[in-house]
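Engineer: What follows is each chain in one-letter form.
2 protein chains.
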Amino acid sequence: MHSHSLVVDLYELTMADAYRREGMAYRPATFSLFARAIPPGRSYLVAAGLDDALSWLEELSFGAEELAVIERLGLFDHEFLSWLGELRFTGHVRAVPEGTIVFPHEPILEVDAAIAEAQLAESFLLNQITLQTTLATKAARCRHAAAGRAVADFALRSAHGVDAGMKLARVGRLVGLSGTSNVAGSDRYGFPAVGTMAHAFVQAHHQETDAFRAFASAFGTTTVLLVDTYDSYRGIDRAIEVAGECRRNGTEISGIRLDSGDLAALARYARQRLDESGFPALRVFVSGGLDEREIDRLVGEEAAPIDGFGVGSALGVSVDAPTLDTVYKLVSYDGRPVRKTSTGKETWPGAKQVWRAHDWSSDTLALAVEPPPGPAWRPLLTEVMHDGRRTPEGQVSLAEAHGRFEHEWSTLPPRLKHLSAPTSHPLRVSSRICQLAEEFDAQQRSEEAP
Amino acid sequence: MHSHSLVVDLYELTMADAYRREGMAYRPATFSLFARAIPPGRSYLVAAGLDDALSWLEELSFGAEELAVIERLGLFDHEFLSWLGELRFTGHVRAVPEGTIVFPHEPILEVDAAIAEAQLAESFLLNQITLQTTLATKAARCRHAAAGRAVADFALRSAHGVDAGMKLARVGRLVGLSGTSNVAGSDRYGFPAVGTMAHAFVQAHHQETDAFRAFASAFGTTTVLLVDTYDSYRGIDRAIEVAGECRRNGTEISGIRLDSGDLAALARYARQRLDESGFPALRVFVSGGLDEREIDRLVGEEAAPIDGFGVGSALGVSVDAPTLDTVYKLVSYDGRPVRKTSTGKETWPGAKQVWRAHDWSSDTLALAVEPPPGPAWRPLLTEVMHDGRRTPEGQVSLAEAHGRFEHEWSTLPPRLKHLSAPTSHPLRVSSRICQLAEEFDAQQRSEEAP
Chain Z
988 MHSHSLVVDL
998 YELTMADAYR
1008 REGMAYRPAT
1018 FSLFARAIPP
1028 GRSYLVAAGL
1038 DDALSWLEEL
1048 SFGAEELAVI
1058 ERLGLFDHEF
1068 LSWLGELRFT
1078 GHVRAVPEGT
1088 IVFPHEPILE
1098 VDAAIAEAQL
1108 AESFLLNQIT
1118 LQTTLATKAA
1128 RCRHAAAGRA
1138 VADFALRSAH
1148 GVDAGMKLAR
1158 VGRLVGLSGT
1168 SNVAGSDRYG
1178 FPAVGTMAHA
1188 FVQAHHQETD
1198 AFRAFASAFG
1208 TTTVLLVDTY
1218 DSYRGIDRAI
1228 EVAGECRRNG
1238 TEISGIRLDS
1248 GDLAALARYA
1258 RQRLDESGFP
1268 ALRVFVSGGL
1278 DEREIDRLVG
1288 EEAAPIDGFG
1298 VGSALGVSVD
1308 APTLDTVYKL
1318 VSYDGRPVRK
1328 TSTGKETWPG
1338 AKQVWRAHDW
1348 SSDTLALAVE
1358 PPPGPAWRPL
1368 LTEVMHDGRR
1378 TPEGQVSLAE
1388 AHGRFEHEWS
1398 TLPPRLKHLS
1408 APTSHPLRVS
1418 SRICQLAEEF
1428 DAQQRSEEAP
Chain E
988 MHSHSLVVDL
998 YELTMADAYR
1008 REGMAYRPAT
1018 FSLFARAIPP
1028 GRSYLVAAGL
1038 DDALSWLEEL
1048 SFGAEELAVI
1058 ERLGLFDHEF
1068 LSWLGELRFT
1078 GHVRAVPEGT
1088 IVFPHEPILE
1098 VDAAIAEAQL
1108 AESFLLNQIT
1118 LQTTLATKAA
1128 RCRHAAAGRA
1138 VADFALRSAH
1148 GVDAGMKLAR
1158 VGRLVGLSGT
1168 SNVAGSDRYG
1178 FPAVGTMAHA
1188 FVQAHHQETD
1198 AFRAFASAFG
1208 TTTVLLVDTY
1218 DSYRGIDRAI
1228 EVAGECRRNG
1238 TEISGIRLDS
1248 GDLAALARYA
1258 RQRLDESGFP
1268 ALRVFVSGGL
1278 DEREIDRLVG
1288 EEAAPIDGFG
1298 VGSALGVSVD
1308 APTLDTVYKL
1318 VSYDGRPVRK
1328 TSTGKETWPG
1338 AKQVWRAHDW
1348 SSDTLALAVE
1358 PPPGPAWRPL
1368 LTEVMHDGRR
1378 TPEGQVSLAE
1388 AHGRFEHEWS
1398 TLPPRLKHLS
1408 APTSHPLRVS
1418 SRICQLAEEF
1428 DAQQRSEEAP
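As they're listed, the protein sequences go chains Z and E. Here our numbering = 1-based position in the first sequence + 987. Here our numbering = 1-based position in the second sequence + 987.
Calculated directly from the structure, the hints in this document are not laboratory data. There's no promise every hint is true.
The list treats identical chains as one, so a pair stands whether inside a single copy or across any two.
[As the list claims (entries may be wrong)] Listed next, the in silico DMTMM-like pairs over lysine to aspartate or glutamate satisfying Cα-Cα at most 25 Å (straight line):
id: 1; residue 1: Lys1332; residue 2: Asp1321
id: 2; residue 1: Lys1404; residue 2: Asp1262
id: 3; residue 1: Lys1332; residue 2: Asp1307
id: 4; residue 1: Lys1332; residue 2: Asp1312
id: 5; residue 1: Lys1404; residue 2: Glu1066
id: 6; residue 1: Lys1332; residue 2: Glu1045
id: 7; residue 1: Lys1332; residue 2: Asp1374
id: 8; residue 1: Lys1404; residue 2: Glu1058
id: 9; residue 1: Lys1332; residue 2: Glu1395
id: 10; residue 1: Lys1332; residue 2: Glu1425
Every value quoted in this text rests on a predicted model; they were computed, and no experiment measured them.
Pulled out of the complex, with its shape left as it was, chain Z reads as follows:
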């Protein structure tokens, strides 16, 4: 596989060449990456993906193999190829830390760099920030719904490819899920690997009880028995039988998993049978088509005695909101604030800062050069890369990012956490930004006059 430097849209390369030909390539520019809107049903986004974005920028380079690919496109001359071979990312990045709660029109990151360098980053940065922010937001909603119970990522099989499966483990760790079924993801992101057994394991044995015994004998205290392959009520009884056998051999198995049927009713039956059989510590896990609303219903309305949830495809593809209207827009070029005024897709000009009121009453979108709106406001964007190298703020471990998310989450007002009644968070746009936009539009109009 080629270096990720080729994971770009063709037009990033053609524009870079055109900038170069015009002598514009090294003029300073600022690009702003933000979501234009929040998907229906959501109140907040959990910013994620910065670490991969910074790694791509650090590693940006086109070696002989990449240049050969670009040459084969038949669009570029040798001058461009040799120029591209020398290109590295030498600019700065300001960003909100991963795990920060953000709202529409608030930059997740801004790139201050030579326009050719910043332009090339568009495709990859959007790809990773969009993916990881989408998944982190969904995972945070699932965790919130579980109200303290464990939520495990079982979604590798339904994630969109290997990279998404890995990043799912990453954002699960970021927002405090309990573990992932993905072995590679667990290892890479220092996140517990979790799992039970598949129906196939039960089916491959002549009797369900044989399967339970074999698994418990191999895995002892970590054993979770899947009880719904044939009849869940019988499965529960058989699990209790095997748990009793294990106890007589000195082992307490961990739990059972329900994967189909009326999960609340089955969990109540299981809990009652387990308790009356002397297994109050044996846990009840459930899975099967769960999303945050179903978890919320099971935990809330149903008050089902469930200890943990395994979440699959609804989490894996963020099924109700699989995409996010993120953009990477030029907001300043060669010292001049710019904007686009396309119908319905207008952007605010200038390099920015987001200020957040300490009491979460509102945010303010201001120019990066503006002072804070007042003493009770904190800035969200900090410099994470300078001259192409990560600053200390750009070298945050995933464990630290998780800690930051926990802190952020603990202060987030309940109204913004609500799962089914989204509220919008007020964003004030500074008068200086509005003024710049008006000046820009007036300038455009004057240039368009005959």
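Since chain Z is already given, all that's left is putting chain E on it; use the hints.
Structural biologist: Chain E only, in chain Z's frame:
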């Protein structure tokens, strides 16, 4: 990054260990991978992802690095690790060729192998077949809607990660899109790289016309000018101005792109202005929030004079149906057909074949050992891997797979291609399968009797 052999759910490893401990690991098994249901609004699925599935099986092995990761999980003893270090996939795979139209409950592939080998493949096979089948189906719908006009994949930025972005290019090639914006995907899958320019390029110039001139001067006949950065009507006029300048210098630019606003009205205006200005061959491309229904509306109801569509996030994540209820189920173990009977998730027992009536009137799900239902039926599954090695049928190039899709598509009845009125395709289950299921259930009941 580790080998993809670690891209497995933890339970695949624990089950493999349990099979090994019980002396079951090398008993023959058949697993069947199929979609349990078709997403709302769909009539068919385009099977895809087989090539990557077979590559994973060919490359399955756990070297020192992978074994160290597994050892660190703290669940496995050295006997298992050394056994796993020797494990390779030595089984057979029967599958439908990529690009085949399939329906729910029809196996996309079946793995006949030692149960431990076949079990390990579950996570990765589901991940890739689900992703690629989801995206190929969406891409086929977009192409169908465009009714012969070009459809380009502009979705790298919104795809769920790098792997999904690459596979999007792959399935675009499979189902006959016109090209991809993804440079790495274009190179890897021999698919034209396409692209225009971003709004940033226009914004970085003092005047829109300057941006158009610069781009046309760099890229000549491949130039497509993005005209909606400020005011699309003026943008169109400026593009015509620059197209005229180019013509006077001996160059005909390729087209313009509209990315916002009322695309049908703007396309009509653009076409009329281009024609009356002497540019009848200059093409009009559109993009911006398109999906197959909007393409269909623009092409059909609006009869808009559009030459090509660039499709982004709706294609990139298959936004209306981002997931597919695919499963990988044990259907036979040690010569014995098996099934699961979980509520609402019952499966049919036995290794299977799908027979399709030549006139697409219906399909028949039969046991692999059954003869054809009659002379006018063709089998869909063929052996693509034998003893761990690809057969000739497993070594199909993407170009050949595309050819096969074209043939398949040309015979697919219009009722099944309809974009908004899905029809279900009749699937008959053979009496031998039904009989096996009944026998299995009777056996289960007799074993459960007190």
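Engineer: Tell me, in ascending order, the numbers of any earlier hints that this structure violates.
Structural biologist: 2, 5, 6, 7, 8 and 9
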